[in-house]
Amino acid sequence: MSKLFVKGNEAIARGALDAGCSCYFGYPITPQNEIPEFMSKALPETGGQFVQAESEIAAANMLLGAGACGIRAMTSSSSPGISLKQEAISYMAGSDLPGVIVNISRGGPGLGDIGPSQGDYFQAVKGGGHGDYRQLVLAPGTVQEAYDLTMLAFDLAFAYRNPVMILGDAIIGQMMEPIRLIRREAQDREESESWRLEGYAGRKPRVIKSLRLAEGTLGKHNEHLQQKYLTARRECRHEEFMTDDAELIVVAFGSIGRIAKSTIRRLRQKGYRVGLLRPITLFPFPSQALQDLAEKGKRFLTIEHNMGQMVEDVRLALCGLAPCGFYGHLPGNLPTPDDFEGSILKEFASEA
Amino acid sequence: MSKLFVKGNEAIARGALDAGCSCYFGYPITPQNEIPEFMSKALPETGGQFVQAESEIAAANMLLGAGACGIRAMTSSSSPGISLKQEAISYMAGSDLPGVIVNISRGGPGLGDIGPSQGDYFQAVKGGGHGDYRQLVLAPGTVQEAYDLTMLAFDLAFAYRNPVMILGDAIIGQMMEPIRLIRREAQDREESESWRLEGYAGRKPRVIKSLRLAEGTLGKHNEHLQQKYLTARRECRHEEFMTDDAELIVVAFGSIGRIAKSTIRRLRQKGYRVGLLRPITLFPFPSQALQDLAEKGKRFLTIEHNMGQMVEDVRLALCGLAPCGFYGHLPGNLPTPDDFEGSILKEFASEA
Amino acid sequence: MSRVIFREERCKGCLLCTLVCPTDNIEQSQRTNKQGYRIVQISNGDMSACKGCGFCAQICPDEALTVYRSKADRTSEDLAEEEHV
Amino acid sequence: MSRVIFREERCKGCLLCTLVCPTDNIEQSQRTNKQGYRIVQISNGDMSACKGCGFCAQICPDEALTVYRSKADRTSEDLAEEEHV
Amino acid sequence: MSIYQDAIIAGFGGQGVMLMGTLLAVSAMESDLEVTYIPVYGPEMRGGTANCTVVISDEEIGSPIIRRPLTLIAMNRPSLEKFQPLVRDNGVVLINSSLVEPDLTDNGRIRAYHVPVNDIAVELGNLRLANMVALGAYVRITGIIALEVVIKSLSEVIPERYHHLLAHNTRALEAGAAEIEHKYPSGG
Amino acid sequence: MSIYQDAIIAGFGGQGVMLMGTLLAVSAMESDLEVTYIPVYGPEMRGGTANCTVVISDEEIGSPIIRRPLTLIAMNRPSLEKFQPLVRDNGVVLINSSLVEPDLTDNGRIRAYHVPVNDIAVELGNLRLANMVALGAYVRITGIIALEVVIKSLSEVIPERYHHLLAHNTRALEAGAAEIEHKYPSGG
Amino acid sequence: MQEIQAYKSPGILADIPTHFCPGCHHGIVHKLLATCLEEKELAEKSICVAAIGCGAFIYNYVLVDSLEAPHGRAPAVATGVKRSRPDSFVFVYQGDGDLASIGLAEIMHAANRGERITVIYVNNTVYGMTGGQMAPTTMVGQKTTTTPGGRKPELDGFPLQMTEIMSRLRGVHFAARVAVNNIKNLKKARKALLRAFEVQKLGSGFGFVEFLASCPTNWRMTPVEANERVAGEMIPYFPLGIFKDQAAEEG
Amino acid sequence: MQEIQAYKSPGILADIPTHFCPGCHHGIVHKLLATCLEEKELAEKSICVAAIGCGAFIYNYVLVDSLEAPHGRAPAVATGVKRSRPDSFVFVYQGDGDLASIGLAEIMHAANRGERITVIYVNNTVYGMTGGQMAPTTMVGQKTTTTPGGRKPELDGFPLQMTEIMSRLRGVHFAARVAVNNIKNLKKARKALLRAFEVQKLGSGFGFVEFLASCPTNWRMTPVEANERVAGEMIPYFPLGIFKDQAAEEG
Ligand SMILES: Cc1ncc(C[n+]2csc(CCOP(=O)(O)OP(=O)(O)O)c2C)c(N)n1
Ligand SMILES: Cc1ncc(C[n+]2csc(CCOP(=O)(O)OP(=O)(O)O)c2C)c(N)n1
Ligand code: SF4
Ligand code: SF4
Ligand code: SF4
Ligand code: SF4
Ligand code: SF4
Ligand code: SF4
Ligand SMILES: [Mg+2]
Ligand SMILES: [Mg+2]
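Residue numbers (this note's numbering), protein chains in the order written: chain A, 347 to 698; chain B, 347 to 698; chain C, 1210 to 1294; chain D, 1210 to 1294; chain E, 68 to 255; chain F, 68 to 255; chain G, 7 to 257; chain H, 7 to 257.
In case anyone wonders, no lab produced these hints; they're calculated from the structure. No residue lacks a Cβ here, since even glycine has one placed at the ideal position from N, Cα and C. Honestly, I wouldn't trust all of these hints.
Just some of the chain A residues that point at chain F, by a computed CB distance under 8 Å [claimed, not checked]: (1) F351; (2) L559; (3) R604.
From just these sequences and the hints, can you work out the full model?
Here it is, written out as structure tokens:
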């Protein structure tokens, strides 16, 4: 099939459509507006529903409603708007509801700017909402991956009956690259049959809720959720680049992962044995891959476009097996391969 | 001065008043309703303002407005309501604004229940909102501490121009205990003079905002915030109980810290050398204290009323110096000293 | 004669039924049920006044009442009244 | 004679001033300023028609115009008009 | 040995069990003891039963939540049914025998005190005093607090607008204590 | 050595620089090269200047963001002032000499190409074709893409309702290329 | 002797005790709702969106497919439901705190979009579930746990009249205010609810029925006193009636 | 020759180029606002609460103490400000997306509480800052980037008429809709704004002024065409006038 040259945002929208997404609920915010804009045209054409919600809160709650009907649906926003969705996401997790949430994040805190940043890692991965829940988090590094991972997100959301977040940034959202589309079979209408709401005709009424007052029930639900998250570990995905002979492994995700790759290519040319591990799933986190590398005696440097968030997960994964340095590129400043060279070289020097 | 027998919630309200809080903005939610209820009576009597906001979002944004005026103000809520405040908290952090937010948290995710739980640790400590910010987090373990730490929260909020959260749970909020009040001098009206809004008469107009579009400005602000958080490390507070000769240190915060103390007392009677480290500030986290104990060769067990959140900070603090076990009491189930005995004994057995 | 059956364990003693009964056929009793509520009873233990209109059952928030209306009580006036109130 | 002063670098060429000028005294020019906007100018370079009413300056979203009204132009009719529109 | 006592107090919503708990707790505070009190709250209270837990000690109190209490005041039948099995062996159970049949008591395992607190209260002129009768009895049985301190503490927990009722409450506390002295001369 | 080229394309909002970028990028894609394109967006665009960055390579592209580009197309003066200092030594700078005075060029450090794209476009009958003139010139200078591929790609980036203008655009691309051949016979 | 049952419990109403306080009107509204669903044969295709408040447990009593919405967001959740399953019958059950305070934007926008849903709005002038705080509907002077001196309009504003606000939005095709404090009003309430259901069946727009209801517990009244307050204090400020019936007006 | 300056730039208006697109009415509203603040001598005691939208940068142009509010929440932020500093003059500058969509609950509740603040509401029927998506005020049939086929009332609802909604809330003491598309309307706008300021000075209640405004960029029109659309399409649906002036009505 021929290639299409599209923005990351459009790739996400197309990925959703090709994964069978039939409802989109959103509210405008830069730098993700191409998603609702694309959907507002494409969905009605395929019999789906596009709703411009009155707010991000409403959009997230519409997603909850659609999820309860067992429908593949999506919402998207950017950092401040994602903060507003936290209550609904917590409810979805608490009610075992699927749904895909896209965060094309921007610089924060507050209104910040509309440039790229990875300041929302903690919010996405540790749970910005209340309670002990997790969402699966996928972090594309290319426009093709934005498309592919969006399709995957829907499958995971329904496989685990859990919210799944696509965490991109302004680079992923605004960048254009060629992509190849995947043609999918018509969507499996059965995937939600055993639990979705549609009127009780022919069976017993169903209730979908997160309130669990009776003694022991909330505890049991929390146990069930933990079990789900343990199972989800098998979904771990990451990319390794030139790690085999590397002394130093740079750990970086999303757009920073790909930019760091440029730096690494350049440093390789200069003879430095440096490699890259790019987590693709941020939750579950590819801890095992890191441990495996640590056991081979590698050293680590985490690079993020924030003041240090994923590095905690890296350190927890390494668990004392190996140290991990950190270089945080300031949110608000655009990252380029040049920016990472110094810190990588410094890390080399520090122990070599 | 004589003692007062009050609920934790009332202690918080009184602490706020005695710290000079003159505006309260809130929205009802169990189990913290005694705070707004007390304030609705007490504040108008002292010339302050009580506003029952239309929502938690509105309440948090009123707090932002009051903070910008350099006024000591507070909002309070419980888990789902706190999720809704995340955007405003991020804005406050991004605008260097003081304010006190109380979370008398309950079981989650979603609507969960109204019982105690510590499921909101991540949200409070890692930042549930978007962007690279932190709030200072204080976790009382007694009603007296609820009162004292609320007063401290206001001082810290203004010293650092940053939101400060009191993280309690349904136990802290609903429990009654005797407390001693502290009489304070009248509030220092000068603390905000150099930055607050009040009309520009006699000086240049001031702008308080978090939007930073000009190149480099958002990055600089993020650096400034990190500097602030580093400085705040000196505010670390924790309690140690029988750690000197202990082999095993239980790390637990808030109500779980005090309940664990009962277990430890009981185990001491049985001859087990177990001690307690109870973090009082959750951010900044008392990492140094943990490291000091680790260097003395102690082992650690974190106990939380959730599925494992603070334990990550403990492990990051210990940084491979010592391992740390974990026992998570299921949110939704009430914790008692009996519940912790087994896991402490198991931890003892595991390596002894 | 129409009949009213109480499910005592369901009654919460709110007395709303007594407000709507056109014949004052229900009154508070001295008894409390297992839940501690002071329940209602047929006034003076005399069912004969009951018209079987079912108003008490309609309003009872707790479905504590069942009314069996005898055909005899089903006068055309009652029906007319029902339609017009 | 009243005078209109343009701050060309501020003009965005929106032409709103031309809409409100009662004497069609302003028109689009062929010049672009540094920002790339096609700016306005006095129609035919002739200032004499200007009444000095200041409407152009009032509506200009970009404060690109300053109007100096000569006392001579300040007729009572103008004033009356101003009051009543 | 050090002083330690804990109690669950339970009954119908309207029986004033929360007031019993706070009065007991304030009395402990006034006796210079450490004390915590924790109620149930929220929709669970609605319509159904209410209960609270009081822990009294001369040492810092760790847990305010007690799964297996040393003592129980059961103001009605559902409360007894729910909490009696949790009471520790040989623990004290004070039963409102006006509402609860004696045969429900787990006599072998716990120490039961049957006091017809409703009847005594009605005798005193007001059914609503039943809670004070029960507390008077409890205090006398356990001896954890002096009755006089409880009586003195009344004015701290009863809202000012009801202070004309202080004397009635005092009488009820005393009546409860007296009933124990009379019925269980060896007890307490 | 492998193929690699990057470019910043900058100008006024209305000059069609985004279209230049996408056309260049799609042409690269059609030439079976790897390519990324990234625009500026949001309020920064409002009123002021617009710019985008294109990276073309035969290898996987790491960074779509380029701080120090190899080439620059400056459609107006502010763009030249802003980006020229960032161009790498000996880099290519294509300047819209219809709007920018030649003396602003950093001649010693970079390789400057002065093309009066506005004037050429006006000659072709439409000022709006200036962007295509510039792109034609750029492609000829750098040789990164064949002009024919660019012309073939036009129909992919120009919305269907404007396809009657394809011929005009083609002519503009060609005119730009021709200008380079004519003016800088050794260049490109 | 021949007998008929004068009032039949609807089959979809669970035969279990409710958690409602004695005399709480929520219980009556639940019954009525269940009756009307059955009467219109809608139960099997219903999806109930429960809001947060004392009515949150409706799924325990009215046995249809049900979903819990976060506080205030039920109209948005219902929008997601109805857009996903346009053939289902979607109704929302909200309290006055939920709908008129935290959820004001959601209800107004769902109404304005003309979502084909039916909203049952139970106005008891107070936050019931959380223990009696001021609601947007609390009457002037009414004492609540957060207006210890009574609601003061200069500080707290005036009680919101939601049916009036709703009926002015063009997406709303039916809006009525009813009460269940006596048999006469109960019958009118039934008619209004049935009519609102029809509007959804017609697929024309949004249906809204406000129920004035008592909350004896938080009004600190006996059930009988509370029932009387509905007529004595609420109805004068919140007048009953059908405020809008688009189809009827047009046809 | 003697001369006077026919229009004086208000001193608190910064003498710097704005970021607004050519012909954007925000610029005119800014000027008017600054003029009125000066005329009433309110600038020195003003606190401006800026909302998120193209007007968010007002603090760069109208030089008074200023505060940025999260999108939609400016009325809540202003409530916090005014309650903290009752002596200051507090005004809010919001767009139609900000006020009528995400912030609908906040504006209505602040209005209903009768907060002593003045809200300047700039309705340009579109989300300007984010690039022209549908707003709650978008006209039926209007094409936007999220209504590529034009706004469809059956799916998207009808445009909200906020001044009408506001004027019916009892806490609102002044509500008007004005335009700045010609000199006549500009003068009326000035009068309305001055009156709204007075209401706050009187301390009686909430003041609301809706400005109909153009957004040439997102309407895909020239500034002149856009200016004409205000009169041709907007005013017929959003009629101008003073909808409420409590003090005037009472006195
Ligand atoms: C986000 C959030 N805020 C607050 C609450 C607490 N809460 C539960 S129900 C309720 C209000 C109930 O009042 P109303 O809607 O009037 O219903 P009622 O109980 O009176 O029927 C509130 C504030 C919550 N669950 N979630
Ligand atoms: C929570 C949140 N959601 C969305 C946005 C993105 N956003 C910025 S301005 C705006 C709307 C602007 O429209 P309007 O209020 O009509 O103002 P205008 O620009 O048209 O004057 C939006 C949605 C945001 N900043 N924050
Ligand atoms: S059926 Fe009618 S008359 Fe008989 S008890 Fe009930 S209400 Fe009264
Ligand atoms: S209405 Fe029902 S619950 Fe109330 S008193 Fe009558 S029978 Fe009992
Ligand atoms: S001052 Fe009046 S007449 Fe003169 S140019 Fe301006 S608008 Fe025209
Ligand atoms: S109104 Fe101002 S900006 Fe617009 S054309 Fe006239 S002078 Fe220029
Ligand atoms: S609190 Fe009020 S609304 Fe809730 S169940 Fe009780 S009476 Fe009904
Ligand atoms: S986008 Fe619209 S509202 Fe924003 S500045 Fe431009 S014209 Fe004005
Ligand atoms: Mg209510
Ligand atoms: Mg707008």
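Quick rundown of the hints versus the structure:
1. F351: Holds - the Cβ of F351(A) comes within 8 Å of chain F, reaching about 5 Å at its closest.
2. L559: Violated - the Cβ of L559(A) stays beyond 8 Å from chain F, reaching only about 46 Å at its closest.
3. R604: holds (5 Å)
When held up to the earlier numbered hints, the structure conflicts with hint 2 and nothing else.
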